[in-house]
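Chains X and P are the protein sequences, given in the same order.
Quick note: the first sequence, position 122, residue 121 per numbering that gives the first Met the number 0, numbers continuous.
Quick note: the second sequence, position 42, residue 41 per numbering that gives the first Met the number 0, numbers continuous.
Wrong hints could be hidden among the right ones.
[What the hints assert, rightly or not] Beta-carbon label-pair distances, calculated as ranges:
| # | chain 1 | residue 1 | chain 2 | residue 2 | range |
| --- | --- | --- | --- | --- | --- |
| 1 | X | Trp124 | P | Gln94 | 31 to 37 Å |
| 2 | P | Ala21 | X | Tyr22 | 37 to 43 Å |
| 3 | X | Glu131 | P | Leu125 | 57 to 63 Å |
[Unchecked claim] Think about it this way: if two alpha-carbon atoms lie no more than 25 Å apart in a straight line, the pair counts; the simulated SDA-like pairs of lysine to any residue are:
| # | chain 1 | residue 1 | chain 2 | residue 2 |
| --- | --- | --- | --- | --- |
| 4 | P | Lys17 | P | Gly50 |
| 5 | X | Lys18 | P | Pro86 |
| 6 | P | Lys97 | P | Ala23 |
| 7 | P | Lys18 | X | Val89 |
| 8 | P | Lys97 | X | Thr37 |
If you are wondering where the hints come from, they were derived from the structure by calculation, not from laboratory data.
Cβ atoms here follow ideal geometry from the backbone N, Cα and C, with glycine treated the same way.
Number of protein chains: 2
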Amino acid sequence: MKQQDDNMQGGAIFPRGKKNDAYAQYFTGASYQNVLSTEIAYIRNVTFEPGCRNFWHIHHQCGQILLVTAGRGWCQEWGKPAKELHPGDVVSIPQGTKHWHGAAKDCWFAHLSVIVPAEGAPIEWLEPVSDEEYNRLR
Amino acid sequence: MKQQDDNMQGGAIFPRGKKNDAYAQYFTGASYQNVLSTEIAYIRNVTFEPGCRNFWHIHHQCGQILLVTAGRGWCQEWGKPAKELHPGDVVSIPQGTKHWHGAAKDCWFAHLSVIVPAEGAPIEWLEPVSDEEYNRLR
Numbered sequence: 000m001k002q003q004d005d006n007m008q009g010g011a012i013f014p015r016g017k018k019n020d021a022y023a024q025y026f027t028g029a030s031y032q033n034v035l036s037t038e039i040a041y042i043r044n045v046t047f048e049p050g051c052r053n054f055w056h057i058h059h060q061c062g063q064i065l066l067v068t069a070g071r072g073w074c075q076e077w078g079k080p081a082k083e084l085h086p087g088d089v090v091s092i093p094q095g096t097k098h099w100h101g102a103a104k105d106c107w108f109a110h111l112s113v114i115v116p117a118e119g120a121p122i123e124w125l126e127p128v129s130d131e132e133y134n135r136l137r
Numbered sequence: 000m001k002q003q004d005d006n007m008q009g010g011a012i013f014p015r016g017k018k019n020d021a022y023a024q025y026f027t028g029a030s031y032q033n034v035l036s037t038e039i040a041y042i043r044n045v046t047f048e049p050g051c052r053n054f055w056h057i058h059h060q061c062g063q064i065l066l067v068t069a070g071r072g073w074c075q076e077w078g079k080p081a082k083e084l085h086p087g088d089v090v091s092i093p094q095g096t097k098h099w100h101g102a103a104k105d106c107w108f109a110h111l112s113v114i115v116p117a118e119g120a121p122i123e124w125l126e127p128v129s130d131e132e133y134n135r136l137r
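Next up, chain X with everything else stripped away, as it sits in the complex (with noise of 0.2 Å):
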């Protein structure tokens, strides 16, 4: 774990922002936060400590793309399995999905949100992922 943290470090291109204090009542664990661009897309990059993820929720009046940049995590779509994600993953979660993504438990995470259009659409956020789900997964 250690070394995959160091490596995390070392492997995060875009500059971890600060904790994400703001969004801190829809995570589980600690989640740092960078807003790359808030023009033409509205872009971040989000970085989750091992173990963190977001709670299930959905982005409505918006289609969102996470590009995975550094450690290993995961993202699921409500009704299906968990994915595991690794650096260079491309997820695109539709509008209107009922979806999660975060860490594994035991390295850090990083990804670019893109979120299209820029403008604030809103984010329903949901119930937390349970521990019982999130600790079936490797």
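Dock chain P against chain X, hints included.
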């Protein structure tokens, strides 16, 4: 140079994809392109060999964001000084702006390109960046 090329190979996160033959007529030197997303936003990983750059061009009806992931390169808007780019840098190019981007003389370069909307907005390709202009850059 050799070491930087090796770093680039190790540092590249997104697969380099195929030689960009379709647009070779608008590039000085060899580039590679890997399309990562065609829905929500049009996202490509673009890789330039040392010395490679695209011609001056204009995106009509869309904006473009460059997210630099590896190497060293340049982006220049018409009438402004060229801006040196490194991993983690983000460039926003407003629609209708004449510009070029590409690698440094002695280093590979890779960026993600995010274009919104995803559906093919036209690019107006203009003249090459002259060797005289380019060779003034370090």
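Checked hints:
1. X:Trp124 <-> P:Gln94: 31 to 37 Å: holds, 33 Å
2. P:Ala21 <-> X:Tyr22: 37 to 43 Å: holds, 41 Å
3. X:Glu131 <-> P:Leu125: 57 to 63 Å: Between Glu131 (chain X) and Leu125 (chain P), where Cβ atoms are some 59 Å apart, the hint holds.
4. P:Lys17 <-> P:Gly50: Holds: Lys17 (chain P) and Gly50 (chain P) sit about 18 Å apart, inside 25 Å.
5. X:Lys18 <-> P:Pro86: Answer holds: Lys18 (chain X) to Pro86 (chain P) is near 22 Å, not above 25 Å.
6. P:Lys97 <-> P:Ala23: This hinted pair holds, its Cα atoms lying about 19 Å apart.
7. P:Lys18 <-> X:Val89: Given that 25 Å is the threshold and the Cα spacing comes to 21 Å, the pair holds.
8. P:Lys97 <-> X:Thr37: Within the cut-off at roughly 21 Å; holds.
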